[in-house]
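S.K.: Listed here are the chains, written in short residue letters.
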Amino acid sequence: MTINRGPADVMPEDQLPRPLAELGDLVEVEVRPAPGGKGSELRARLRNPEPTGAVSAAARLSGDDPRQRVRAALREAKQLIEVGEVLRVDPAPHGHRPPTPAGKLVEFATERAPGEGVL
Amino acid sequence: MKALCWTGINKTAVETVDDPTILNDRDIIVKVRLTTTCGSDLHLLGGYIPGMRAGDVLGHEFMGEVVEVGNAVRRHTIGDRVTVCSFIACGQCWYCSQQLFSLCDNGNPNPALTEGMWGSAIGGCFAYSHMLGGFAGSHAEYVRVPYADQGAFAVPDEVSDMAALFASDAAPTGWTGADGAGITPGDTVAVWGAGGVGQMAARGAMLMGAEQVIVIDRLPERLQQVRQHIGAETLDYTDDNIVAELKERTGGRGPDVVIEAVGMEAHGTGPSYLYDQVKQQLRLQSDRPTALREAIYACRKGGNMFILGVFGGVVDKFPVGAIMNKSMTVRGAQQHGHRYIPRILQHIANGELSTEHLATHVMPLDQGPQGYQMFKNKKDGCVRAVFQPNGATSSPT
Numbered sequence: 205m206t207i208n209r210g211p212a213d214v215m216p217e218d219q220l221p222r223p224l225a226e227l228g229d230l231v232e233v234e235v236r237p238a239p240g241g242k243g244s245e246l247r248a249r250l251r252n253p254e255p256t257g258a259v260s261a262a263a264r265l266s267g268d269d270p271r272q273r274v275r276a277a278l279r280e281a282k283q284l285i286e287v288g289e290v291l292r293v294d295p296a297p298h299g300h301r302p303p304t305p306a307g308k309l310v311e312f313a314t315e316r317a318p319g320e321g322v323l
Numbered sequence: 002m003k004a005l006c007w008t009g010i011n012k013t014a015v016e017t018v019d020d021p022t023i024l025n026d027r028d029i030i031v032k033v034r035l036t037t038t039c040g041s042d043l044h045l046l047g048g049y050i051p052g053m054r055a056g057d058v059l060g061h062e063f064m065g066e067v068v069e070v071g072n073a074v075r076r077h078t079i080g081d082r083v084t085v086c087s088f089i090a091c092g093q094c095w096y097c098s099q100q101l102f103s104l105c106d107n108g109n110p111n112p113a114l115t116e117g118m119w120g121s122a123i124g125g126c127f128a129y130s131h132m133l134g135g136f137a138g139s140h141a142e143y144v145r146v147p148y149a150d151q152g153a154f155a156v157p158d159e160v161s162d163m164a165a166l167f168a169s170d171a172a173p174t175g176w177t178g179a180d181g182a183g184i185t186p187g188d189t190v191a192v193w194g195a196g197g198v199g200q201m202a203a204r205g206a207m208l209m210g211a212e213q214v215i216v217i218d219r220l221p222e223r224l225q226q227v228r229q230h231i232g233a234e235t236l237d238y239t240d241d242n243i244v245a246e247l248k249e250r251t252g253g254r255g256p257d258v259v260i261e262a263v264g265m266e267a268h269g270t271g272p273s274y275l276y277d278q279v280k281q282q283l284r285l286q287s288d289r290p291t292a293l294r295e296a297i298y299a300c301r302k303g304g305n306m307f308i309l310g311v312f313g314g315v316v317d318k319f320p321v322g323a324i325m326n327k328s329m330t331v332r333g334a335q336q337h338g339h340r341y342i343p344r345i346l347q348h349i350a351n352g353e354l355s356t357e358h359l360a361t362h363v364m365p366l367d368q369g370p371q372g373y374q375m376f377k378n379k380k381d382g383c384v385r386a387v388f389q390p391n392g393a394t395s396s397p398t
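Protein chains in written order, with the working numbering: chain R, 205 to 323; chain U, 2 to 398.
The following block holds chain R by itself, in its conformation from the complex (with noise of 0.2 angstroms):
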């Protein structure tokens, strides 16, 4: 995660950003500058192996798997020190949303959405 601040205020006095130093011994965090003048690289890993196969698709479809815990810490931490708050959605206004399946799913991705991603 790069973060468009000095390592100073990612991580003052040493300190984790709250939403990463919740996830207490899950992770190891370190921080170093970004090349180019892009601020700092904010890197949390998992201290225990990630779970693999069958049983990394099931924890991430149950929203188990501990890698989504930390890339929403990492994707809030981010946010709280760029911006100040975390941007919410909901309760959002809608219309009536009848039970489709292809409305499940679109409700079932955005659930998973905060603690999914390429890395």
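By construction, these hints were calculated from the structure, which means they are not laboratory data.
Where hints are given, some of them may not hold.
With a Cα cut of at most 20 angstroms, we get these calculated SDA-like pairs of lysine to any residue [stated by the list, open to error]: (1) K308/R to G56/U; (2) K32/U to T8/U; (3) K242/R to S121/U; (4) K12/U to P302/R; (5) K308/R to P51/U; (6) K380/U to L224/U.
Fit chain U to the known structure of chain R by using the hints.
M.R.: Same frame as chain R, but now just chain U:
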């Protein structure tokens, strides 16, 4: 409150929904005066952009009056008349600091969806599916505007509500294309698509110094608007061989800059259009690049292309050989509107930019479903259907 909702593929309805509330300290609530259909909405309506849910409130191009402000809002007070950028950007991340606002790192609460599709998440957008954040849209009596100090802009007294409406999306999208294409004084610029965005890109190109601007479409009422209100040349692709005619008008060179303002549901003539239609309907390609191919082919050697029309996924028969061998530069973007809206409002105030003519059909929100049908099918010369969720209001001018 009343809101126009997407209820399924090519279906909309006016429903009663909850009023929006302040969710973050940097939010404002805007009482919507005017909100308009946009060509990119048609991709949502038709089910070409994934991530829509029945009940989603539509609309991303709007202006209105501030009626509530969050605790951290500094630039707006209740009663301000504002136009709001359709893209939601924090103003603080590295991309915002580079004025690439549609790429904002923080404006999309559902980043994994676009990260999975495109490799990186872009910013959020009002009512542009849950892929771009799932924010409720402006075809409603009220709308919540996050990061309001960044995305809402006070409208000068000299600018009418209707003129300011199109400073929300059509004009800044056009400016994004014209500026991003790297137009230099004296250039010849060809723009595919004479809808609101294409017209604004053409006018932006002229104000940035282009010497000759040519807009291509098939709809006579839109081409007439281009000649009358934009001051550019026009070409009807159902009458002319566009590539040959563009060569004819440029001494055989082709345009220095080509801007594609059509997107994933392009129309055209000939076998390539039929091919694209069949492949898209069979879901063998997500987007129809008919105008895109022509723009690449027409561009002069070493020229620049900007893709402004919305594309979502993958296309077939993409002429990468022409791009490589002609040494073209290709760029694209959603709008970086925060960068351009102040100057656009000033251009309107100075009388250098006309936008009101785009509003060919103005109606109450209750007629939204009919407005979208009219807009989609280009009935009665409809260029844009504009809704008045709170009834007719008067501008200071």
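S.K.: Evaluate each hint against the coordinates.
M.R.: Checked hints:
no.	hint	in the structure
1	K308/R to G56/U	holds, 13 angstroms
2	K32/U to T8/U	violated, 23 angstroms
3	K242/R to S121/U	holds, 17 angstroms
4	K12/U to P302/R	holds, 14 angstroms
5	K308/R to P51/U	holds, 13 angstroms
6	K380/U to L224/U	holds, 15 angstroms
In this structure, only the earlier hint numbered 2 is contradicted, and the remaining ones agree with it.
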